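Protein chains: 2
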Amino acid sequence: MQDKEFICGEKCPHYQKIDEVKKMEPNIEEIETLSNMFKLFADHTRLRIICSVLNTELCVCDLCELLDLNQSTVSHQLQILRNAKLVKFRREGKQIYYSLQDEHIEQIISTSLAHILEEEEQ
Amino acid sequence: MQDKEFICGEKCPHYQKIDEVKKMEPNIEEIETLSNMFKLFADHTRLRIICSVLNTELCVCDLCELLDLNQSTVSHQLQILRNAKLVKFRREGKQIYYSLQDEHIEQIISTSLAHILEEEEQ
DNA sequence: TTAACATATGAACATACATTCATATGAAAG
DNA sequence: CTTTCATATGAATGTATGTTCATATGTTAA
Chain W
1 MQDKEFICGE KCPHYQKIDE VKKMEPNIEE IETLSNMFKL FADHTRLRII
51 CSVLNTELCV CDLCELLDLN QSTVSHQLQI LRNAKLVKFR REGKQIYYSL
101 QDEHIEQIIS TSLAHILEEE EQ
Chain G
1 MQDKEFICGE KCPHYQKIDE VKKMEPNIEE IETLSNMFKL FADHTRLRII
51 CSVLNTELCV CDLCELLDLN QSTVSHQLQI LRNAKLVKFR REGKQIYYSL
101 QDEHIEQIIS TSLAHILEEE EQ
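One line per chain: the protein sequences are W and G, in this order.
All residue numbers for the first sequence refer to the working numbering, where the first residue is 1 and numbers rise by one.
All residue numbers for the second sequence refer to the working numbering, where the first residue is 1 and numbers rise by one.
Hints may contain errors.
[What the hints assert, rightly or not] Below are the SDA-like pairs computed for lysine to any residue, each with C-alpha atoms no more than 25 angstroms apart in a straight line:
1) W:LYS22 with W:ASN36
2) W:LYS94 with G:LEU54
3) G:LYS17 with W:ASP43
Think of the hints as simulated: they come from the structure by calculation, not from any bench.
Computed from a predicted structure; not experimentally measured.
Use the sequences and the hints to build the structure in full.
Written out as structure tokens, the structure is:
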């Protein structure tokens with residue numbers, strides 16, 4: 001870490017402001033949970049998968065076809081989404097159908113999408 | 001890519017469903033923009049910085065002190081946030097004060113935070 | 001104009017992780 | 001019960017990126 005000597009003078013670290021921010025800020029676990037969630041959305045393959053099952057359920061094969069991806073790639077990413085409990089699945093015969101686990105996700109994605117679309121207009 | 005031969009049978013790729021999803025889905029540029037935005041939130045250092053300047057402006061030194069981080073680390077991450085136009089800055093003497101560029105961000109973060117807090121309750 | 005301070009930046013390094021290949025598992029049909 | 005199909009998974013590889021060290025830039029005060 002940084003040696004205190006190097007950090008500004010007496011005025012500069014605005015301790016009062018810092019204290020106020022500290023009170024408001026999410027704690028370490030919340031930051032970790034939140035950044036982990038964003039990490040799931042940060043990969044474009046996973047994001048495409050999530051968007052695909054936003055309103056319907058699809059089997060792995062459908063996802064491969066729809067997104068033009070390797071079956072192994074899709075399964076690996078589905079595994080990650082499953083571990084994070086972002087998607088759920090049910091077996092029907094040989095196929096396994098995936099869908100969103102959590103409706104909150106839909107809201108976060110659509111809110112975010114609305115935002116970037118607004119940005120574009122400006 | 002995958003050889004079609006390996007993908008399911010005649011029934012399985014549900015082409016009708018796939019077509020419907022294709023119509024709804026964000027296009028490639030939107031997916032890219034969206035995942036890039038999530039990528040910015042996905043790193044816990046950047047997320048902490050963003051949360052810190054959510055309601056106030058802080059100088060680099062304040063962020064180092066508040067987050068107990070190397071000055072170089074903070075500057076590098078601020079650079080990334082600046083390039084993405086997520087934060088703005090103004091110079092006042094020797095110090096440079098950073099704050100949120102875009103109020104949308106505040107909404108996305110707080111919505112997402114609300115969601116993970118709800119999750120915890122269940 | 002020199003010294004001290006506040007921040008930025010380039011290079012190097014380590015690590016995380018997305019994709020692919022090969023193969024395993026598990027279900028259904030014959 | 002063997003084969004085929006649908007999906008899962010382990011290992012290997014390449015790439016992206018976060019952190020650090022060293023140093024540069026730019027500002028103020030003496």
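Results of checking the hints against the structure:
Between W:LYS22 and W:ASN36 the alpha-carbon distance is near 21 angstroms, which keeps this suggested pair within the 25 angstroms criterion. Of the pairs offered as hints, the one joining W:LYS94 and G:LEU54 is violated, with about 49 angstroms between alpha carbons and a cut-off of 25 angstroms exceeded. With a C-alpha separation of about 24 angstroms, the suggested pair G:LYS17 and W:ASP43 falls inside the 25 angstroms cut-off, and the hint holds.
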